[in-house]
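Chemist: As a plain string of letters, each chain reads:
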Amino acid sequence: MSSISGGGRMLVVLAMPAVAIFTAFWLLPMARLALFAGTGPTGWNAYLAVLTHPQYLASLVSTILLSMAVTGATLIIGGITGVFLSRHDFRGRDLLVGMLTLPMAFPGVVVGFMVILMAGRQGLIGLIAQTIGAGKPVFAYSMGGLFLGYLYFSIPRVLLTIMAAAEKLDPALEEAARSLGASPARVIRDVLLPGLRPALIGAGALCFATSMGAFGTAFTLATRISVLPMTIYTEFTLFADMATAAALSLVLGVVTWAVLALARNATGAGVAAAA
Amino acid sequence: MTTTTRRGPLYWPQMAFTIAVCAFLILPVALSMLAGVSLNWQRGPAGGLTLQWIEQVWALYAETVARSLAVALACLACDLALGVPLAYVLVRRQSRWTRLVEELIMLPVAVPGLATALALIILYGGLHDFRNSSAFILVGHVLFTLPFMVRSVLAVLSAIDVPTLEEGAASLGAGPFRRLATVVLPNARPGILAGSLMVVTLSIGEFNMTWMLHTPLTKTLPVGLADAYASMRMEIASAYTVVFLLMIVPALILLQLAAASASRRSKS
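Sequences listed follow chains W and F, in order. 61 is the number of the first residue of the first sequence in the working numbering; add one for each residue after it. 3 is the number of the first residue of the second sequence in the working numbering; add one for each residue after it.
The reader is advised that the hints may include incorrect statements.
Here chain F is said to cover these stretches of chain W; the calculated rule only asks that three of the stretch's residues, wherever they fall, bring their Cβ under 8 Å from a Cβ of chain F [what the hints assert, rightly or not]: (1) 103 to 111; (2) 143 to 149; (3) 275 to 281.
Residues on chain W that point at chain F, a partial pick, calculated with CB under 7 Å [unchecked claim]: (4) Phe82; (5) Leu93; (6) Leu95; (7) Ile140; (8) Val169; (9) Pro289; (10) Leu312.
It should be emphasised that the hints constitute simulated quantities derived from the structure, not laboratory data. Note that the structure is a prediction, hence the values are computed from the model and not measured. Using N, Cα and C, we set each Cβ at its ideal position, and we do this for glycine too.
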């Protein structure tokens, strides 16, 4: 660092704008939000309301259950397709990967609309079922619709993480295990899963955190199931209960942040938080 | 190149499963594109094709498209000005403080957008001129996208040993700003490019925060989409979705191509 260590002051100047903007528009507002949450009729108990108030507790529980189910399903789907795509080369593979990762940047509202197109009142599944005389199943606005929507925006991200990890695993290890007589199930359990563990934990945490905070999809589906972000939004707009909305959103924020931080500590590597 | 293993007995089942997953992701996109140009969604393209829905969307929502583009470009300018210098500092100095900064700026992504939006409204909602302008939305977008620019530039700069390169330039007599302009920035270009594409697509699609930050006079594209999904007929909602896809899909494809060429370069 000898000849270039003199630039210390320049480094401070270069970092300053970002630090100043971040402090003014995120750190200070968040600190204000944390204090504001205590100004409602129940005072600081607003932070406990998510556990003591039956309606909020139910909303928290259903959000956690939904997020866990989505995470589990996404890891299985992403694991199978990710390992397959990283192990085999065939014509059209790049196109397939491109299509599988395309929905990554779709906002939650658009994903909600995709679910309506598939399973809504005039959706494709309903139309097909009607033509073959199997009634008219509409599940876009139920837990099933939310599950499909969350799955839709989770798969691309998890798939990318698992593909990147699987490409770094040496296939020779699996060949060796197989030639020593291990069954496919044992190869998966003893070779593949341990090798993919950091990627599975990282992608799983990201998927869980994103599902906990997802708002747009539930908003579009206007579902009766109140996931926590919808509950916060309703408190804020319908009841103008700003203190409760502030407390609930901070609790939700701490939960998602903690899940990501735990995963990072467990894997020792950076889990890229992505939207 | 991909390491290709022997095609075992599970090859075709896995292939079928992968294609089924792909269909689940792509079918609704294709469906919305068809519905957006069909006279009647229930009858599909067989009932006749039309551009009338797209025209109606344009008449109703052109303003939201323009605002989203303007906010995305302004957001990109802010992220370039704030994020690229910050990424350089994070590469050059690894102390407790820089690690803290790196950690903190990720928070607006880790914490749900709803919380950030509420915080901004509670602290700055009283400044009416600010609250009622697109700048209020821009602030949220910059907070949310900045980490992606920083990460992307950081990843490229960490891979090339900046201090050694700079030391070489310094020994030839280049001052700090000269080194920044002629050594660091050209090397960071792939990261800046990928980060920029990411930032623009994320900003155009941002909804969670924007829905809380917008006013009736500052609607962005995703806000308009939510309106249309709630109140318009299926064909108009689909046509509007087509307009949205036309805006972000080219950027996404460019992003994938950039990533593919970057990984080819690193492997060759």
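Chemist: Could you tell me which of the hints above the structure violates, numbers in ascending order?
Modeler: Hint check: 1, 6 fail, others pass.
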